[in-house]
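Student: The lines below spell out each chain.
6 protein chains.
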Amino acid sequence: MPIVTVYMWAGVSNEAKKKIISGITKVFEEVGIPRHAVEVIVVEVPKENWGVGGELASEKFKELKPP
Amino acid sequence: MPIVTVYMWAGVSNEAKKKIISGITKVFEEVGIPRHAVEVIVVEVPKENWGVGGELASEKFKELKPP
Amino acid sequence: MPIVTVYMWAGVSNEAKKKIISGITKVFEEVGIPRHAVEVIVVEVPKENWGVGGELASEKFKELKPP
Amino acid sequence: MPIVTVYMWAGVSNEAKKKIISGITKVFEEVGIPRHAVEVIVVEVPKENWGVGGELASEKFKELKPP
Amino acid sequence: MPIVTVYMWAGVSNEAKKKIISGITKVFEEVGIPRHAVEVIVVEVPKENWGVGGELASEKFKELKPP
Amino acid sequence: MPIVTVYMWAGVSNEAKKKIISGITKVFEEVGIPRHAVEVIVVEVPKENWGVGGELASEKFKELKPP
Numbered sequence: 103m104p105i106v107t108v109y110m111w112a113g114v115s116n117e118a119k120k121k122i123i124s125g126i127t128k129v130f131e132e133v134g135i136p137r138h139a140v141e142v143i144v145v146e147v148p149k150e151n152w153g154v155g156g157e158l159a160s161e162k163f164k165e166l167k168p169p
Numbered sequence: 103m104p105i106v107t108v109y110m111w112a113g114v115s116n117e118a119k120k121k122i123i124s125g126i127t128k129v130f131e132e133v134g135i136p137r138h139a140v141e142v143i144v145v146e147v148p149k150e151n152w153g154v155g156g157e158l159a160s161e162k163f164k165e166l167k168p169p
Numbered sequence: 103m104p105i106v107t108v109y110m111w112a113g114v115s116n117e118a119k120k121k122i123i124s125g126i127t128k129v130f131e132e133v134g135i136p137r138h139a140v141e142v143i144v145v146e147v148p149k150e151n152w153g154v155g156g157e158l159a160s161e162k163f164k165e166l167k168p169p
Numbered sequence: 103m104p105i106v107t108v109y110m111w112a113g114v115s116n117e118a119k120k121k122i123i124s125g126i127t128k129v130f131e132e133v134g135i136p137r138h139a140v141e142v143i144v145v146e147v148p149k150e151n152w153g154v155g156g157e158l159a160s161e162k163f164k165e166l167k168p169p
Numbered sequence: 103m104p105i106v107t108v109y110m111w112a113g114v115s116n117e118a119k120k121k122i123i124s125g126i127t128k129v130f131e132e133v134g135i136p137r138h139a140v141e142v143i144v145v146e147v148p149k150e151n152w153g154v155g156g157e158l159a160s161e162k163f164k165e166l167k168p169p
Numbered sequence: 103m104p105i106v107t108v109y110m111w112a113g114v115s116n117e118a119k120k121k122i123i124s125g126i127t128k129v130f131e132e133v134g135i136p137r138h139a140v141e142v143i144v145v146e147v148p149k150e151n152w153g154v155g156g157e158l159a160s161e162k163f164k165e166l167k168p169p
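Residue numbers (the numbering used here), protein chains in the order written: chain H, 103 to 169; chain C, 103 to 169; chain R, 103 to 169; chain Y, 103 to 169; chain P, 103 to 169; chain G, 103 to 169.
These are calculated hints, taken from the structure and not from any lab test.
For every residue, glycine included, the Cβ atom is placed at its ideal position computed from N, Cα and C.
Mixed in with the good hints there might be a few duds.
To be verified - Each computed DSSO-like pair below joins lysine-lysine, with the alpha-carbon atoms no more than 27 Å apart:
| id | chain 1 | residue 1 | chain 2 | residue 2 |
| --- | --- | --- | --- | --- |
| 1 | C | K162 | H | K162 |
| 2 | G | K128 | G | K162 |
| 3 | R | K149 | G | K162 |
| 4 | C | K162 | R | K149 |
| 5 | Y | K167 | H | K120 |
| 6 | G | K121 | R | K162 |
| 7 | Y | K128 | P | K121 |
| 8 | P | K149 | P | K167 |
| 9 | G | K149 | G | K120 |
| 10 | Y | K121 | P | K162 |
| 11 | H | K149 | C | K162 |
| 12 | C | K162 | C | K128 |
| 13 | G | K149 | H | K128 |
| 14 | H | K128 | G | K167 |
| 15 | R | K162 | C | K120 |
| 16 | Y | K121 | Y | K164 |
| 17 | G | K167 | P | K121 |
| 18 | P | K121 | G | K164 |
| 19 | P | K128 | G | K162 |
What the hints assert, rightly or not - Here are some chain R residues pointing at chain Y (derived, C-beta under 10 Å):
| id | residue |
| --- | --- |
| 20 | I105 |
| 21 | S115 |
| 22 | I143 |
| 23 | V147 |
| 24 | E150 |
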């Protein structure tokens, strides 16, 4: 523990995944949890499967991309 | 809030995704939550990764398809 | 299938739970899924366990309540 | 009920999926739950989306593969 | 890996939790995964937060109890 | 997006929750995501509902506590 699940739009770069995973792990180290105990899963979900305010993110945020 | 995660068999049409996302959003509006606060994620899972009663959905429900 | 998980702030009334569960079930019926196949789980999370924009919902949205 | 979600590295063989789904279903039968009520979902996550101890599983466990 | 999340009605006995957790762990051992790598989380959800076919489990399955 | 779910043993202090929520939010800001778009949910699970290597965390890690 802890187990962290991150839902993001699909297409996240490998560099961003690394920063997210190492960054989140550090956050838990700073509250006293050993780093080996931290597990982080990044679940990529296509923008057309993601709704915000009733609209598909693929239409509402056409120009936006994941990091 | 709320955050809604929908697990479905893979292969959902874009039209069905839209109806599901806008429909679920309306359900929350009807209990007084502003629509911009509703986030819905559709996670598509292949039928051969989905078990019902100990069997794969890909074998038990061979003829069925997602909407 | 489908399986729907709804995360909301803790303290949802029974009446709202009923409306949410029956409403979401109807959304799936309308895209052709038999109602007996729809499972909805409402997970209530205390406002002090919910962060938006880096702040606890219990502080950022002090006055707001779940339906 | 119950609903079981299994997160694993992507690339699980169909044979392993079957064993996992039927095996987990039996575990619940043994505590008195009818098998038709057990639903199991296997979510496959690429190793480069999975962090352990701050590192990507694709780098930390280069040689390991899912069953 | 793997990480297993089990949603059940609230009120599961400690004995049943033990059987579920050790049983699921064995299922993964049998497909070649070392037992120390298996993490299982049992999330208990009140029956009045669980909908099946549009009805609350607390009303539809009044007489049923978790193991 | 993103939506982050954190599973931890129950009993996390409010101070730790704040650090976890603000820390994770900063991780995403650093890869270019606006902070208002980051939602973090901390789900606290009793140690007797959490299995590691087939044993309950409440027995295996008797002396350990969440932050």
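Student: Taking the hints in turn, state whether each one holds.
Tutor: Going down the list of hints, with the structure as the test:
no.	hint	result
1	K162(C) - K162(H)	violated, 38 Å
2	K128(G) - K162(G)	violated, 33 Å
3	K149(R) - K162(G)	violated, 31 Å
4	K162(C) - K149(R)	violated, 41 Å
5	K167(Y) - K120(H)	holds, 20 Å
6	K121(G) - K162(R)	holds, 15 Å
7	K128(Y) - K121(P)	holds, 11 Å
8	K149(P) - K167(P)	holds, 9 Å
9	K149(G) - K120(G)	holds, 21 Å
10	K121(Y) - K162(P)	violated, 32 Å
11	K149(H) - K162(C)	violated, 30 Å
12	K162(C) - K128(C)	violated, 33 Å
13	K149(G) - K128(H)	holds, 23 Å
14	K128(H) - K167(G)	holds, 19 Å
15	K162(R) - K120(C)	violated, 31 Å
16	K121(Y) - K164(Y)	holds, 25 Å
17	K167(G) - K121(P)	holds, 24 Å
18	K121(P) - K164(G)	holds, 19 Å
19	K128(P) - K162(G)	holds, 17 Å
20	I105	holds, 6 Å
21	S115	violated, 22 Å
22	I143	holds, 7 Å
23	V147	violated, 17 Å
24	E150	violated, 26 Å
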